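In order, the protein sequences belong to chains G and F.
Heads up, the first sequence stops at 343 in full-length UniProt numbering, and the numbers go up one at a time, no gaps.
Heads up, the second sequence stops at 264 in full-length UniProt numbering, and the numbers go up one at a time, no gaps.
I should point out that these hints are in silico values taken from the structure, not numbers from a laboratory.
A portion of the hints provided could be inaccurate.
To be verified - Across the chosen pairs, the derived CB separations fall in these ranges: (1) ILE252/F <-> ASN87/G: 29 to 37 angstroms; (2) MET155/G <-> ASN117/F: 29 to 37 angstroms; (3) LEU208/G <-> ASN121/F: 22 to 30 angstroms; (4) VAL336/G <-> LYS263/F: 52 to 60 angstroms.
As the list claims (entries may be wrong) - No farther apart than 25 angstroms at their CA atoms in a straight line, the calculated lysine to any residue pairs in the SDA-like style are these: (5) LYS287/G <-> ASP169/F; (6) LYS100/F <-> ILE241/G; (7) LYS61/F <-> ASP169/F.
Quick caveat, the model's predicted, so the values are computed rather than measured.
Every residue gets a Cβ at the ideal spot worked out from N, C-alpha and C, and that includes glycine.
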Amino acid sequence: MINTKSYNTSFVLLAVLLLVLFVVNISLGSVSISLDTIFSSFFTKTDQLSNHEYIIQNYRLPKAITAILVGSGLGISGLLMQTLFRNPLAGPFVLGITSGASLGVALVILGSSVFGGFLATFLVSKWSLVIAASLGSFLVLLLVLIVSSKVRDTMAILIIGLMFGSITAAIVSVLSYFSSAEQLQQYIFWGFGSLGDLDWSEVKIFGLIYSIGILFCVLSIKGLNTLLLGENYAKSLGLNIKQSRLLIIIATSLLAGTITAFAGPIAFIGLAIPHVTRQVFNTSNHKILLPAVFLFGAIIMLICDSIAQLPNTDYMLPINAITSLFGAPIVVWLLVRQRKMVF
Amino acid sequence: MKIKTQHTILKTENLTIGYSSKKEDTVVASNINISLQKGELIGLVGGNGIGKSTLLRTLTKVQHPLQGTIILNNKDLKNYINLELAKTLSLVLTEPIASKNLTVFEVVALGRQPYTNWVGNLSEHDISIINTAILQTNIEDLKHKKCFELSDGQLQKVMIARALAQDTDLIILDEPTTHLDMYHKAYILKLLQKLTKDTGKTILFSSHEIDLAIQLCDSMIVMSKEGIASNSPCQLIEEGAFNNLFPKDMIIFDDKTGSFRVKK
């Protein structure tokens with residue numbers, strides 16, 4: 001609301017850090033690639049690429065961009081949910097988005113034996129997983145939206161989202177019980193999350209839906225700030241609560257839904273990033289928080305990804321494990337240091 | 001007596017308040033005819049459960065009247081859209097604000113939301129109104145403090161400043177003196193009185209501080225089982241409106257001192 005200028009230094013520093021980490025992230029991997037090659041690969045035409053330049057352009061660059069979109073998108077949707085539900089423990093997945101996505105994926109992977117033969121191989125392609133995850137999260141969210149349009153209390157929506165999560169988890173357990181070890185393994189691998197599976201055409205679609213989600217977030221800024229006073233005050237200030245709520249929920253579902261569809265369920269980033277950002281920037285104003293969470297989310301996701309790919313080895317750790325190892329201690333540290341979570 | 005041209009801000013006509021469900025309507029109070037004049041401080045008193053909150057909720061369009069009409073600034077309350085109402089009527093509620101991480105300035109600034117653009121940027125004009133509201137409520141030294149650092153009394157002043165910044169003709173406060181010590185109770189009500197004089201705004205508040213209200217209010221609304229009386233405090237004492245406020249077995253109203261006494 002005021003003092004926007006005093007945050008400028010922090011923003012510039014974070015932006016520079018993001019750029020540096022972006023380049024570092026690209027340079028790290030199973031083979032080490034020199035900085036010269038990295039920069040030259042940005043400007044080389046597709047048909048004249050050397051091996052290393054090819055790796056950069058078609059594997060590492062899309063992966064780094066995915067990391068930025070995933071980290072920032074999850075952070076921002078976590079921020080939106082924490083403000084909407086006035087709950088510091090809310091994250092992007094409280095509305096049942098992950099559970100919907102995992103149900104869709106479980107149906108495809110674990111249920112494929114039911115369809116059998118030819119259909120099974122078609123079903124378990126990558127695109128079918130993306131579509132299943134999107135459809136699953138979309139359908140669960142649609143249900144939550146329909147139910148939430150009938151309830152006045154925002155807290156009830158939170159509980160409804162959690163209940164839908166429990167129902168889908170139960171269905172997944174039933175499906176798991178009847179499926180083979182191989183199928184289970186495939187399902188579990190999806191649950192590890194992955195940033196590196198996207199080619200350029202997928203990154204473009206991802207980026208497009210992500211941008212629409214961010215647009216909705218920007219439109220929600222004023223409503224989010226008003227909601228900091230509580231719903232009754234917000235209403236007395238002329239805010240259309242139902243409309244703002246819908247806008248915030250749509251923004252979150254677009255962001256968290258596509259992220260889960262393309263990269264799997266990534267844990268803890270959505271919960272931890274908004275808290276880290278609030279600590280550093282010491283404000284609740286969403287005009288500052290939104291870009292700040294974007295930067296922090298992207299930076300931390302790039303770091304997590306750099307660690308996960310275990311530079312100069314042939315191994316890659318599941319990204320989900322790294323984000324949890326990173327996120328959970330941060331939340332604990334915040335609680336110990338602050339003794340309470342302000343939001 | 002000086003004759004003032006009076007301007008009615010809010011008026012109710014044969015208002016019945018209560019709750020309606022599918023099965024039946026529960027009437028809390030009926031036949032309410034009150035009118036609030038510009039620049040007055042009005043206290044709403046009554047025992048617990050008599051319907052003070054229901055009346056305030058109805059007057060602020062949080063719930064609908066069962067019968068009758070409410071006229072706010074010569075216009076039926078029904079016909080107000082949210083944003084228009086936010087520019088005519090501001091509230092101070094009993095509930096705490098959701099985020100205590102906001103600074104005092106930020107909370108007061110949020111009062112300007114009905115006037116700001118789509119992203120909520122404050123103009124020079126907005127900032128000057130915010131600073132005036134902060135001055136009028138004597139919270140200048142708290143301006144950059146976070147709300148979780150404030151005492152209840154300080155927080156109440158901040159919420160009043162926020163309502164002032166909303167720049168409305170009418171401010172309604174729901175029990176602004178609860179949780180405050182005796183000094184701050186008097187301080188807050190005295191502040192409200194000063195604000196009506198300085199700004200010409202109409203302020204309606206509900207309270208259990210009947211003694212203080214009698215001393216400070218321009219007029220009072222007394223809700224009791226016998227009905228609703230509305231007049232200046234002195235006249236209400238003459239009418240004996242306070243005598244019926246509570247069951248007479250425990251406390252009685254003393255006309256001479258304008259206060260209640262416990263029966264020995």
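Hints, one by one, checked against the model:
1. ILE252/F <-> ASN87/G: 29 to 37 angstroms: violated (49 angstroms)
2. MET155/G <-> ASN117/F: 29 to 37 angstroms: Once the Cβ atoms are compared, 31 angstroms apart, the range 29 to 37 angstroms for ASN117/F and MET155/G holds.
3. LEU208/G <-> ASN121/F: 22 to 30 angstroms: holds (29 angstroms)
4. VAL336/G <-> LYS263/F: 52 to 60 angstroms: Holds, since VAL336/G and LYS263/F (Cβ atoms, about 55 angstroms apart) stay within the stated range.
5. LYS287/G <-> ASP169/F: violated (30 angstroms)
6. LYS100/F <-> ILE241/G: holds (20 angstroms)
7. LYS61/F <-> ASP169/F: Given pair LYS61/F, ASP169/F holds - Cα atoms ~16 angstroms apart, limit 25 angstroms.
In summary, the structure is inconsistent with hints 1, 5 from the numbered list given earlier, while agreeing with the others.
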